[in-house]
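First residue of the sequence shown? That's 12 in the numbering used here, and the numbers climb one at a time after it.
Check the hints yourself; a few may be wrong.
[What the hints assert, rightly or not] Have a look at the derived ranges for each label pair, beta carbon to beta carbon: (1) T315 / S221: 20 to 28 Å; (2) N264 / N364: 20 to 28 Å; (3) A302 / T215: 33 to 41 Å.
The hints are simulated quantities; they were obtained by calculation from the structure and are not laboratory data. Bear in mind that the values here come from a model prediction, so they are computed numbers and not experimental data. We treat Cβ as the ideally placed atom computed from N, Cα and C, and that holds for glycine.
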Amino acid sequence: MYLGFLKLRLQDILRGKLPDFHPLPDDNPIAEFDKAQDSLTLTDTTGPLRIIETIERDFSYALFEELQGTDFDQVPGREKQDYASANEKALSSIDKIVGVTIKKAGHWKGSGDDNDEDGGRLTSYTSGGAAAESFNVKVVFDGSYWTSALQQDFIAAAETVSQLILGDVPDVRSRSQEIDDILIYAAIVEIDGPGGVLGRAGPTGHRDTSKLPTKATMRFDLSDAEALDVRGQFGSVVLHEMLHSLGFGSAWNQMGLTSDLNGDLRFTGAFATEMYMDEYAEIALNDPLSAFGVPIEMDGGSGTAGSHWDDLVFNSELMSGYLDGDNANDLSKMTVAALEDMGYDTYLDNPFNPLDLFSDYVMA
12 MYLGFLKLRL QDILRGKLPD FHPLPDDNPI AEFDKAQDSL TLTDTTGPLR
62 IIETIERDFS YALFEELQGT DFDQVPGREK QDYASANEKA LSSIDKIVGV
112 TIKKAGHWKG SGDDNDEDGG RLTSYTSGGA AAESFNVKVV FDGSYWTSAL
162 QQDFIAAAET VSQLILGDVP DVRSRSQEID DILIYAAIVE IDGPGGVLGR
212 AGPTGHRDTS KLPTKATMRF DLSDAEALDV RGQFGSVVLH EMLHSLGFGS
262 AWNQMGLTSD LNGDLRFTGA FATEMYMDEY AEIALNDPLS AFGVPIEMDG
312 GSGTAGSHWD DLVFNSELMS GYLDGDNAND LSKMTVAALE DMGYDTYLDN
362 PFNPLDLFSD YVMA
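Sequences are here, hints too, so could you generate the full structure?
Shown next as structure tokens:
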């Protein structure tokens, strides 16, 4: 159950003007923000709560670590830090706008099915908003090796996809099952221990006309998943593989979006090509074939070659073929533009698609 949203502005805090906690309509409020005490008071403690998401600017955020004796789990993807009790004004590192989302344990903006006999872990989760209006990723958690932390990385990735892709795609029926918009079967399995094969992911079904995937599988090695999670990198790996499940790299050939220019493989989508020349202008300026498309990885063998951005050119980009050590792998607008070229309606204004439904949307 999604409880509500609290936004804090630095200038308001300095002036002593703190906002109220606003529960969503049709929800019983279980928490109230006390402007005088800078604290949240729980009125219903039937189940654990956790802060699971922050909306931030300039990498600054504030957390309530403790509410009336209830400890919150660490925010996924954030380094563990020490925060004061909420009753002792737990507002720290605030810069510009900071948002804190408070929900029942195990839930984000979408909806999930709890397995009460398995420590609160989920059996499935669907990201996004209303099915008819937004892009929804349904993740089914198969197997018994799941931890809440690993599931949260999948949930975060699914919600990121629903923020990148705004437009709904046509529902399909598969074996008496209605799919909106993609169904992913995810599993943590024993493959080969630490190192070696991290995992496998990709579509298992496509729409007939658009070739956009309908179903996919994502399987990760237990040892590697846990090790990456400790290092704070598993979330990036999951998002990387989830984009492959959406067809990034894995469906380009079927969509006619690649070209071999005398041994130089390129992604030929018009929007991604334009973003390549704009976002990576210095690189593109020294690339005589930049107008013909984005360089695609040609090394690494099956599973890497032909389905990623060229790592020698874009080595820290999320969709290059190799994890960039301990450094962040950033998601570029070029990658989002490639999703547009593939047929998804993203937050970007696509000048090559006059029917773009979200041309006036600006992503926060």
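Here is what the structure says about each hint:
At roughly 26 Å, the beta-carbon separation of T315 and S221 lies within the given 20 to 28 Å, and the hint holds. The hinted window of 20 to 28 Å between N264 and N364 holds, with their beta carbons roughly 21 Å apart. Restraint check, A302 to T215: a C-beta distance of roughly 35 Å satisfies the suggested window 33 to 41 Å.
Checked against the numbered hints given earlier, this structure breaks none of them.
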